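Chains as they are written, first to last, in the working numbering: chain B, 1 to 527; chain L, 1 to 126.
The hints are simulated quantities; they were obtained by calculation from the structure and are not laboratory data.
Check before you lean on any hint, since a few could be wrong.
Chain L residues, not near chain B, derived (Cβ > 10 Å throughout) [what the hints assert, rightly or not]: (1) 9; (2) 23; (3) 30; (4) 31; (5) 47.
Now the stretches of chain B that chain L is said to cover, found in silico as 3 or more residues with beta-carbon under 8 Å [unchecked claim]: (6) 170-179; (7) 229-239.
Example chain B residues on the side facing chain L (calculated, C-beta under 10 Å, incomplete) [what the hints assert, rightly or not]: (8) 41; (9) 44; (10) 182; (11) 190; (12) 197; (13) 201; (14) 203; (15) 216; (16) 218; (17) 255; (18) 306.
Computed from a predicted model, the values in this text were never measured in an experiment.
Idealized CB from N, CA, C, for every residue including glycine.
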Amino acid sequence: MAAEVLARSLAEPAVLAADVKLPDIDYLAIAPMLVLFGAACVGVLAAAFVPQRLRYRVQVSLVIGALLVALGLIVTVARAGRAVATAGGAIAIDGPALFLQGSVAVLGVVAVLLIAERSLERGGAFVSRASLTPGSAADRDQAEQPGATEVYPLVSFALAGMMLFVSANDLLTLFVALEVFSLPLYLLCGLARRRRLLSQESAVKYFLLGAFSSAFFLYGVALLYGFAGATGLGALRKAVQAGDGNTTLLFLGLAMLAVGLLFKVAAVPFHVWTPDVYQGAPTPITALMAACTKVAAFGALLRVFTVAFPVGAVDWRPVLVAIAIATMLVGAVLAVTQTDIKRLLAYSSIANAGYVLTGVLALSAAGVAGSLFYLVAYGFVVLAAFGVVTLVRDADGEATHLSRWAGLGRRSPLVAGVFTFLMMAFAGIPLTSGFTSKFAVFSAALGSGQVTLVVVGVLSSAVLAFPYLRVVVLMYLSEPAEDTPTVSLPGTLTAAALAIGVLATALLGVAPAPVLDLAAKAVQFVS
Amino acid sequence: MHPVIPYVLAALLFGIGGYGVLVRRNAVLLLMAVELMLNAVNLVLVTADATIVGLPHSGQVFALFVIVIAAAEIGVGLAIVLQLYRLRRTVATDSIDAGEGTVLPRAEPMPEPGSAQTGPDQVGAR
Numbered sequence: 001m002a003a004e005v006l007a008r009s010l011a012e013p014a015v016l017a018a019d020v021k022l023p024d025i026d027y028l029a030i031a032p033m034l035v036l037f038g039a040a041c042v043g044v045l046a047a048a049f050v051p052q053r054l055r056y057r058v059q060v061s062l063v064i065g066a067l068l069v070a071l072g073l074i075v076t077v078a079r080a081g082r083a084v085a086t087a088g089g090a091i092a093i094d095g096p097a098l099f100l101q102g103s104v105a106v107l108g109v110v111a112v113l114l115i116a117e118r119s120l121e122r123g124g125a126f127v128s129r130a131s132l133t134p135g136s137a138a139d140r141d142q143a144e145q146p147g148a149t150e151v152y153p154l155v156s157f158a159l160a161g162m163m164l165f166v167s168a169n170d171l172l173t174l175f176v177a178l179e180v181f182s183l184p185l186y187l188l189c190g191l192a193r194r195r196r197l198l199s200q201e202s203a204v205k206y207f208l209l210g211a212f213s214s215a216f217f218l219y220g221v222a223l224l225y226g227f228a229g230a231t232g233l234g235a236l237r238k239a240v241q242a243g244d245g246n247t248t249l250l251f252l253g254l255a256m257l258a259v260g261l262l263f264k265v266a267a268v269p270f271h272v273w274t275p276d277v278y279q280g281a282p283t284p285i286t287a288l289m290a291a292c293t294k295v296a297a298f299g300a301l302l303r304v305f306t307v308a309f310p311v312g313a314v315d316w317r318p319v320l321v322a323i324a325i326a327t328m329l330v331g332a333v334l335a336v337t338q339t340d341i342k343r344l345l346a347y348s349s350i351a352n353a354g355y356v357l358t359g360v361l362a363l364s365a366a367g368v369a370g371s372l373f374y375l376v377a378y379g380f381v382v383l384a385a386f387g388v389v390t391l392v393r394d395a396d397g398e399a400t401h402l403s404r405w406a407g408l409g410r411r412s413p414l415v416a417g418v419f420t421f422l423m424m425a426f427a428g429i430p431l432t433s434g435f436t437s438k439f440a441v442f443s444a445a446l447g448s449g450q451v452t453l454v455v456v457g458v459l460s461s462a463v464l465a466f467p468y469l470r471v472v473v474l475m476y477l478s479e480p481a482e483d484t485p486t487v488s489l490p491g492t493l494t495a496a497a498l499a500i501g502v503l504a505t506a507l508l509g510v511a512p513a514p515v516l517d518l519a520a521k522a523v524q525f526v527s
Numbered sequence: 001m002h003p004v005i006p007y008v009l010a011a012l013l014f015g016i017g018g019y020g021v022l023v024r025r026n027a028v029l030l031l032m033a034v035e036l037m038l039n040a041v042n043l044v045l046v047t048a049d050a051t052i053v054g055l056p057h058s059g060q061v062f063a064l065f066v067i068v069i070a071a072a073e074i075g076v077g078l079a080i081v082l083q084l085y086r087l088r089r090t091v092a093t094d095s096i097d098a099g100e101g102t103v104l105p106r107a108e109p110m111p112e113p114g115s116a117q118t119g120p121d122q123v124g125a126r
């Protein structure tokens, strides 16, 4: 008996080895992600083995170098003009994936410049040992110490996860990528040097709600697997079009999956975490989340809905239209009532998610191109805006309450001017990237007959212009109060990030054609 | 055959987990509720795997993926909750109030044993 079992177990591996064919992997196509994941692993080792005084330089050059190499590789792959689904169809490297990966890399570099800034505050925006209780003696001792360098590997992992997220062509890969980029972000939220309590509370909040939403996402994946018997987006599409499966599983699965994705893009009613987390997280991390996470989440949303669920077979449009309308209205109206600049920008990012959804719902090539362009343009503006927020400081750190910004225009005209320009871009004034990108998504939606969405979009843009202009009025027309915070001189890194952000905003407003063309060429999904 | 019972059981488990997340105020219990939801997913994956004929049994492998990722997630989550406990000597999520304006009564964090009084950072932190 035992011998028989042994013989069978010996025979089985041979059979399995014959049956299982390892999938081909196109290593060049996934090289950008490999480089970044590799750099993140090396960064973890560097945190352990490189001497303390060199660590900061090594880590920053490692992550920026890796991002630039990844960007170069993305351009190389894009020039070769191949669109492949590799690794057994789990990863699709196609136009949208390459465009979004490139955007994540570029915006990631700018965000890392903000994160690496150490001259505004001694030791940077991050605490060196977050595990210490705020206010304890040991915590006061570390106030003068340089910040943790573990931040940089975490950021690398997050950015690499985002790149995987936008190119995942299989629901399970999508879930793995979701966790790979979310887990570092949860931790990064809790590492602020100033306002530690707020920062750690935001980490708890983000984590609990994020875990809750990813459970929904995963339940959706499992139900769709039960429906189609496979998790590849192409196979899912075939099963949806055939329409002979259990439709309960399909609809429930699709709804759950949508909850998970809409949570990440911060669409109403899954937006409640956004203001608190954006306010509590260290400002450079908020910038990273507002720019890169949005790109990644919308990339995945576009791919899943366009590739796997053709509208002809399962019409999810009415639900998403309702969500888009609610997102635009709630974001715009609540932005008006905010008194904290970071919360204001958070609500504005919610409203902007609604505008990108408008482009997604156009369900046309123009809509996809418009959304892609919108994500890049918005990313640059929001990075620069949070960059300015890091500059306005008083003795307690950043002065984020709006009343503290009164009269800033007289004290530091340059910073106020830059911020005014960025607010104009948010409001969508012509000759800024905000106008071009809003025009791109609204015209695409109009072309597809989504008149309601466009009307609501334009109206909410008008509402949203009010809080932006209120900040501008506050900066220029109010008398500076006694306690108006000083504006720190930006260090080289922040100055570089601001310059890139402002230049990109202006260029994408004045001469958007190259990037629009690039986006228009990059609309074809493979599966 | 349509395996209704495992699907319903999984839905029940998922529902209990979701209910737990919504009503519980203890962060550790919240983590457990999320775990319950993830295990409901595992049940669905294995059920689906068992009912699909003629395909590679990928559902079982997916369940393993989920277990590993859930473990990683719980690792990060416990670290964050531990930090919350150090701050407040409680893991009740009621005391979390990151929003401005609505200041709830909260327990003052106690000084760490052997360390000095809470410092001015506490004030600045609000």
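Structure-based check of each hint:
1. 9: holds (13 Å)
2. 23: Since the minimum Cβ distance to chain B is about 13 Å, residue 23 of chain L lies beyond 10 Å and the statement holds.
3. 30: At about 6 Å from chain B, residue 30 of chain L fails to clear the 10 Å cut-off, so the statement is violated.
4. 31: Violated, since 8 Å does not exceed 10 Å.
5. 47: violated (7 Å)
6. 170-179: holds (count 4)
7. 229-239: Holds, because 3 residues of the segment 229-239 of chain B bring their Cβ atoms closer than 8 Å to Cβ atoms of chain L.
8. 41: violated (15 Å)
9. 44: violated (14 Å)
10. 182: holds (9 Å)
11. 190: Hint on residue 190 of chain B: holds, closest Cβ of chain L at ~6 Å, below 10 Å.
12. 197: holds (4 Å)
13. 201: With a minimum Cβ separation of about 4 Å from chain L (threshold 10 Å), the hint on residue 201 of chain B holds.
14. 203: holds (5 Å)
15. 216: holds (8 Å)
16. 218: Status holds, d = 5 Å.
17. 255: violated (13 Å)
18. 306: violated (24 Å)
Checked against the numbered hints above, the structure breaks hints 3, 4, 5, 8, 9, 17, 18 and satisfies the rest.
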